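Q: Protein sequence lines correspond, in order, to chains A, B and C. Under my numbering, the first residue of the first sequence carries the number 1, and numbering increases by one thereafter. Under my numbering, the first residue of the second sequence carries the number 1, and numbering increases by one thereafter. Under my numbering, the first residue of the third sequence carries the number 1, and numbering increases by one thereafter.
Possibly wrong hints are sitting among the right ones.
To be verified - SDA-like cross-link-like pairs, simulated, lysine to any residue; straight-line CA separation at most 20 Å: (1) K313(B) x R104(C); (2) K242(C) x D157(B); (3) K242(C) x T14(C); (4) K126(B) x F263(C); (5) K166(C) x P88(A); (6) K101(A) x P193(C); (7) K126(B) x A33(C); (8) K126(B) x S143(C); (9) K313(B) x M115(C); (10) K316(B) x A224(B); (11) K126(B) x M115(C); (12) K242(C) x A33(C); (13) K101(A) x H71(A); (14) K223(C) x S143(C).
Because the hints were derived from the structure by calculation, they are not lab data. Note that this is a predicted model, so its numbers are computed, not measured.
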Amino acid sequence: MSSVTLSNIKKSYGDVSVIQGIDLAINNGEFIVLVGPSGCGKSTLLRMIAGLESISGGTLSIGGDPMNDVHARDRDIAMVFQSYALYPHMSVRDNIAFALKMRGVDPARIEREVANAAEILSLGHLLDRLPRELSGGQRQRVAMGRAIVRHPKVFLFDEPLSNLDAKLRVQMRVEIRELHQRLQATSVFVTHDQVEAMTMADRIVLLNDGVIQQFGTPLELYDYPCNRFVAAFIGSPGMNFVDGTIEHEEGIAALSYGDGRRIELNPEMARLPAAGQAVTLGFRPEHLQPCAKGQGFETLITSIETTGFENYLYCEAQGVRMCALQFERLDCRVGDSIHLRPAADKLHFFDQVTGLRLESEAPLMRTAS
Amino acid sequence: MFKKMTTQPVPDTTGQLKTLLRSLRRYAESDGCWYSISLGPLALILLLLTILPIIWLGWMALHDINWQDGVSHWEYVGLNNVVLFFDNHFYWPGLLNTFIFSISAVSVQMVLGFLMALVVSRSDRKSRLFLTVVFLLPIVLPPIVIGAIWKLMLSYDFGVINDFLGLLGIAPVDWLGNADIALMSVIAVDIWHWTPFVFLLMLAGLESLPQEVYEASSLDVRNAWQEFWYITLPLMQGTILITLLFRMVLSFKVFDEIYLLTGGGPGTATEVVSFSIYRTFFTEDRAGLGAVMSIFTLLVVAALAVFAQLLLKRRKQS
Amino acid sequence: MSHTRSNHGFYRVTQLFVWCYALIILFPFLWIAMAAFKRQIDILTSSFFFTPVLSNFEELIFSKQSSFFHDLLNSGIIAISSTAIVVLISAMASFTLLRMYVPRWLSVGLFAWAMLFHMLPPITFVSAWFTIFSELNLINTYSGMILAHVTINLPMGLWLMSNFLKEVPRDLYEAAAIDGCSNAATFFRIVLPLIRTGMIATAALIFIFSWSDFTIALNLTAKATQTVPVSIATFAQEFEIKYGQMAAGSLLSTLPALLLIVFGQRYIVKGLLSGSVK
Chain A
1 MSSVTLSNIK
11 KSYGDVSVIQ
21 GIDLAINNGE
31 FIVLVGPSGC
41 GKSTLLRMIA
51 GLESISGGTL
61 SIGGDPMNDV
71 HARDRDIAMV
81 FQSYALYPHM
91 SVRDNIAFAL
101 KMRGVDPARI
111 EREVANAAEI
121 LSLGHLLDRL
131 PRELSGGQRQ
141 RVAMGRAIVR
151 HPKVFLFDEP
161 LSNLDAKLRV
171 QMRVEIRELH
181 QRLQATSVFV
191 THDQVEAMTM
201 ADRIVLLNDG
211 VIQQFGTPLE
221 LYDYPCNRFV
231 AAFIGSPGMN
241 FVDGTIEHEE
251 GIAALSYGDG
261 RRIELNPEMA
271 RLPAAGQAVT
281 LGFRPEHLQP
291 CAKGQGFETL
301 ITSIETTGFE
311 NYLYCEAQGV
321 RMCALQFERL
331 DCRVGDSIHL
341 RPAADKLHFF
351 DQVTGLRLES
361 EAPLMRTAS
Chain B
1 MFKKMTTQPV
11 PDTTGQLKTL
21 LRSLRRYAES
31 DGCWYSISLG
41 PLALILLLLT
51 ILPIIWLGWM
61 ALHDINWQDG
71 VSHWEYVGLN
81 NVVLFFDNHF
91 YWPGLLNTFI
101 FSISAVSVQM
111 VLGFLMALVV
121 SRSDRKSRLF
131 LTVVFLLPIV
141 LPPIVIGAIW
151 KLMLSYDFGV
161 INDFLGLLGI
171 APVDWLGNAD
181 IALMSVIAVD
191 IWHWTPFVFL
201 LMLAGLESLP
211 QEVYEASSLD
221 VRNAWQEFWY
231 ITLPLMQGTI
241 LITLLFRMVL
251 SFKVFDEIYL
261 LTGGGPGTAT
271 EVVSFSIYRT
281 FFTEDRAGLG
291 AVMSIFTLLV
301 VAALAVFAQL
311 LLKRRKQS
Chain C
1 MSHTRSNHGF
11 YRVTQLFVWC
21 YALIILFPFL
31 WIAMAAFKRQ
41 IDILTSSFFF
51 TPVLSNFEEL
61 IFSKQSSFFH
71 DLLNSGIIAI
81 SSTAIVVLIS
91 AMASFTLLRM
101 YVPRWLSVGL
111 FAWAMLFHML
121 PPITFVSAWF
131 TIFSELNLIN
141 TYSGMILAHV
151 TINLPMGLWL
161 MSNFLKEVPR
171 DLYEAAAIDG
181 CSNAATFFRI
191 VLPLIRTGMI
201 ATAALIFIFS
211 WSDFTIALNL
221 TAKATQTVPV
231 SIATFAQEFE
241 IKYGQMAAGS
251 LLSTLPALLL
261 IVFGQRYIVK
271 GLLSGSVK
């Protein structure tokens, strides 16, 4: 197990820069999830840590040793691929043992390690099968087994769950998490799925356009998104946004939006932006509650989704679309009018131009920079 | 003192040997070593046996070369061989014949091969397998054997073809000895030889066409002819064009059958460029002139190949 | 669906035509196979009924004047060695060119030149090789012939192997690198087992090409290393053509190809289709 440190890591293909100077310190034993929309550079970053992609600039060190010019085979890392990349011509046993064999480990120890891994992953009865005779979930386990027998410095996962069906994905999510509890191995996990990031990570790195947007624990990202991008990316359905201007009149703060409509904001909120500032107000669906007329947004319901225990109301107010999550089944229909008000202490304000969070004090917030 | 002097170098050399072995091992595992092992032979062969010979041919073209007792004597003659080349009585008719041969043989092969593939693609698996095996025969057999077979079959006196004509009461034909029909006979043999290849390519092309398109179009087309004209032919256009162009370029290689069937004769009736080069170089022993022919032929075929490639590239873009 | 029925008769006719063509292909082979068992007089009188004799084969193989058995051996040695060399070189080279970092100009250049070389008439190079090999005393030697056959077949080998290699997913040798494989280990332990079918197909095809070669063998060999195609041609070139022996020799020389068709039809078709310029 080792720490991983990235300082000012860059990657460019010719003139196209895909990773633009990333600093990241991953602690020993931590489970880090790299998440972001497709094309954000998360896989490239992972492959640079693995040594499958050259590093254009900056320094990568694993366990304190610089790794820039070390070949992938000498970095002592293990990787689980999206396609699992099991060797089709080798049995499960040989797949798992291969890396140890390549390192010249003595056969008795290999046998022990394989048996141990097989037990952890309950693969014992499959050891003599070929990969093509396994189900998706079993292949996934073999790929994990291939990684854990090595006791590598770092585990890398490249979207390993995206080829599984929804149920199996949830199950493997839990299994990988439990495995990590047990092995306490430094892990870097790449995914485009924010749910995976939220549920698995000790800390999340949210990437966009090759730049770290925010680095913190899942709840930090959820509760204190440091910019509009993070706020929109984390959470499903995403945060609601309303563009407007802050007004202070007779001690009452309000947001004027749409064609001059206003919504009063809680005057006690200490961290309101200054009057006259153009802001984006953000609030999550679960913080939007029905209220009396005139106290919130007057909206029309455009559609209703229900999963049985959650009910999502999709509404529109003055051309602004928003979503409210209700746990009680409401007696309303598409086309009905409904008044909704965001919880006063759950508001997020972002600069309309820069998208940055507007806040004087940030109790738990931590960013990479 | 003496002992020290003799024993001291011993551990030193083993140490050196170990370091040497270690660095050798490190080199064996390095990228550089793998690059040179994997690309070295290829690059070396291409360089020494394909590029160097062309330069060598250029040098030969400027000389008259004679062999005496296995030793070659080179005499510088400047561009004399080029002058002789333009006056050569074999090469130019040969070039014309090669073009006639290539265009007519390949055209017929394409039409026949494509039509047969169309028919067979609708046949059941068993007959497809059987036909594939039969059609593989001419492709995989040595061309010289095919030349030998047809030399026997087309023989004037006792060839089976003339026997057959005799049964029909038709006078025997001198297939390979008559200057008017010799080229046609040779073309016919080539068609026989290579139509199966075109057939296999076309069959594979047809089988790889998306089945859904046919299912979708079966709602729109009214007969098999429309299906062929509006669906199959446009979809196969690429395969057809590629096969046509490259078979034409490759048919410039023809040598074995001509060598055995007619030897370029009668006169220059079936002379082709490959045979002219062979004749000049190996029978007439005029290596310098042969070199000029070789270079010119290389240029012509290379130009055709590049032209074909450009044509395909342009088609792909549009 | 109605059009299928209305065209049924036409379809039958065209199908008949295809089967006729198959017969036209088969007939010459059957005919030469028959001729191989005929006496010269039966061939010359083209009698349909004859008593099969083995004299042609006996004369071909055991007669002191005939070098056919020796030629058969030469063909085998040259074809097998050059095939092995071509497959090994082209598999390694295409792995490096396709899957490792190689400057673009180099990989594109190598492939383009190999393909162009493949289309050029071999006789043009044979003439140059002849003088070069004479200087190096490689004429009429196994090494010279093998070298020439390797060269002439290398482009096809490279083309085929690279096509088959493209089917191996990139992930697998990245996984191998992470598992600690050197380049050589990745190639021999991961890549080779996975392209085995492709290698068999390539080897089958290259063997056939090498076995069938006439142009090179005619000009770069003499008695000592002469191959089968040359000796078949010699029968036809003699003043009195030995039809029976020519037929018998032809029949024997087709045996490897026939065996390959029977046992490896799948591989040959795979190779042929993959080898045709796409």
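Q: So, for every hint listed, does it hold in this structure?
A: Now for the hints, and whether the structure bears them out:
1. Taking the CA atoms of K313(B) and R104(C), the gap is near 19 Å; set against the 20 Å cutoff, the hint holds.
2. Simply put, K242(C) and D157(B) have alpha-carbon atoms about 15 Å apart, close enough for the 20 Å limit, and the pair holds.
3. Between K242(C) and T14(C) the CA atoms are separated by roughly 40 Å; this puts the pair beyond 20 Å, and the hint is violated.
4. Between K126(B) and F263(C) the CA atoms are separated by roughly 17 Å; this keeps the pair inside 20 Å, and the hint holds.
5. At roughly 16 Å between alpha-carbon atoms, K166(C) and P88(A) fall within 20 Å of each other, so this suggested pair holds.
6. This hinted pair checks out: K101(A) and P193(C) have alpha carbons roughly 17 Å apart, not beyond 20 Å.
7. Distance restraint check for K126(B) and A33(C): the Cα-Cα separation of roughly 26 Å exceeds the 20 Å cut-off, and the hinted pair is therefore not satisfied.
8. Between the alpha carbons of K126(B) and S143(C) the distance comes to roughly 44 Å, so the proposed pair goes past 20 Å and is violated.
9. For the hint linking K313(B) to M115(C), the alpha-carbon distance of about 15 Å falls within 20 Å, and the restraint holds.
10. Annotation: proposed proximity of K316(B) to A224(B) is violated, straight-line Cα distance about 28 Å (limit 20 Å).
11. The straight-line distance between the Cα atoms of K126(B) and M115(C) is roughly 36 Å, outside the 20 Å bound, and the hint therefore fails.
12. A C-alpha spacing of about 15 Å is found between K242(C) and A33(C), which places the hinted pair at or below 20 Å, so the restraint holds.
13. Restraint check: the Cα-Cα separation between K101(A) and H71(A) comes to about 18 Å, which is no more than 20 Å; the hinted pair holds.
14. At most 20 Å may separate the alpha-carbon atoms for a hinted pair to count; K223(C) and S143(C) meet this at roughly 15 Å.
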